[in-house]
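The residues making up each chain are set out below.
Protein chains: 2
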Amino acid sequence: MTTRETIIALGDQLIRDKGFNAFSFYDIARSLNIKNASIHYHFPSKTDLGIAVLKGQQDGLRSLIEAYSKKTPEEKLLAFLSIYTRIKAEGKVCIVGSLATDLNSVDEKIAVELKKLAQEILSWVTQILDEGKRKKVFYFRESSRTRALLIITNMLAALQVSRLTDENDFSSIKNAIIKDLRVKP
Amino acid sequence: MTTRETIIALGDQLIRDKGFNAFSFYDIARSLNIKNASIHYHFPSKTDLGIAVLKGQQDGLRSLIEAYSKKTPEEKLLAFLSIYTRIKAEGKVCIVGSLATDLNSVDEKIAVELKKLAQEILSWVTQILDEGKRKKVFYFRESSRTRALLIITNMLAALQVSRLTDENDFSSIKNAIIKDLRVKP
DNA sequence: GTCTATATTCCGATAGAC
DNA sequence: GTCTATCGGAATATAGAC
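Here the protein sequences line up with chains A and B, keeping their order.
Just add 73 to the spot in the first sequence (first one is 1) and you have my numbering.
Just add 73 to the spot in the second sequence (first one is 1) and you have my numbering.
Calculated from the structure, these hints are not laboratory results.
Errors might be hidden in some of the hints.
You can't tell identical chains apart in this list, so a pair holds if it fits in one copy or across any two.
Straight-line Cα separation of at most 25 Å, DSS-like style, residue types lysine-lysine; simulated pairs [what the hints assert, rightly or not]: (1) Lys143 - Lys108; (2) Lys257 - Lys206; (3) Lys257 - Lys247; (4) Lys252 - Lys119.
Model, not experiment: these values are computed from the prediction.
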């Protein structure tokens with residue numbers, strides 16, 4: 074992994090651990106045993122790093138979508154849900170939630186990339202549910218888009234709320250989502 | 074409203090608008106036409122203000138619970154959901170979500186009060202659902218606690234995600250929650 | 001309770017040597 | 001690409017006058 078990629082990975086983790094406004098270039102420099110100024114060589118501004126992190130997330134999502142394109146709707150949905158399970162294991166939160174709460178304090182360019190990411194997530198989950206409904210493996214009353222929103226908001230906030238209530242609450246929420254989709258009307 | 078109360082109200086709004094780490098005492102001082110140092114007279118540290126904001130939220134919640142204690146489960150649930158509708162109208166997010174994403178960058182004392190607030194919200198919604206199930210006005214398969222978590226996470230993240238996707242998504246989510254509870258098995 | 005003034009620390013960012 | 005050195009700005013916080 075190049076230094077640039079390592080910086081992006083560390084920035085990503087820091088945003089999801091402490092929030093965009095709470096981390097500094099020094100946090101990254103210390104981890105990498107380099108100096109503050111060296112980070113600026115790779116990313117002139119903190120906003121530039123934020124954008125790179127979001128573009129990395131977009132690329133990762135597209136790879137996952139591509140890798141699961143021939144799989145069943147159940148497999149796709151489980152792959153989607155396991156994104157959050159991995160984040161939970163790290164004790165962190167989703168980047169969409171983290172940056173959404175700070176939205177009015179970050180550069181507009183970050184907001185633009187964040188919205189793109191959110192749209193792509195919503196679009197994918199909507200398609201998964203749509204396919205599952207057609208193939209009669211998922212059952213739900215709402216539109217696919219609304220149901221996708223319900224599932225995404227459940228998982229996104231499960232990471233946040235389970236930091237405060239009980240760590241097991243994350244699994245309870247995840248399991249309930251899966252079960253509910255399988256209940257025939 | 075006393076100056077102290079006004080500062081708390083402004084701090085609350087700023088946390089839910091920009092995040093805890095993005096607002097400064099100067100934001101509040103400017104709004105009140107007083108100086109930075111005057112804020113410190115009322116709240117020695119930013120952490121003190123954060124705690125006061127959270128205690129204010131706890132008090133507000135307890136008042137709401139008390140005011141609705143004799144009402145029906147449906148009325149209680151609608152009262153709970155309308156908390157978020159009001160926040161959405163302001164374009165802000167829920168304080169629980171905002172501070173949960175910044176949890177590892179704030180003072181431990183803030184984390185303690187935030188957890189108390191989250192527990193009280195979860196406890197209330199769980200009781201509302203429990204009562205609704207007993208009285209056969211709400212229908213759901215999960216435990217009351219899990220269903221409460223599902224509903225709370227939906228609303229909390231609906232505020233965050235609808236900043237990014239479509240403002241109308243908030244209403245779609247809210248309406249789906251209400252409808253789903255009324256569906257008989 | 002609010003003010004002026006100031007101390008202190010931290011952060012983002014740049015210049016220029018190596 | 002990384003370093004040293006430094007600038008400029010912002011933010012938290014305190015001292016002491018009014």
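Hint-by-hint comparison with the structure:
| no. | hint | verdict |
| --- | --- | --- |
| 1 | Lys143 - Lys108 | neither (45 Å within a copy, 62 Å between copies) |
| 2 | Lys257 - Lys206 | both (11 Å within a copy, 21 Å between copies) |
| 3 | Lys257 - Lys247 | both (19 Å within a copy, 23 Å between copies) |
| 4 | Lys252 - Lys119 | neither (42 Å within a copy, 44 Å between copies) |
Violation of the numbered hints given earlier is confined to hints 1 and 4; the remaining hints are satisfied by the structure.
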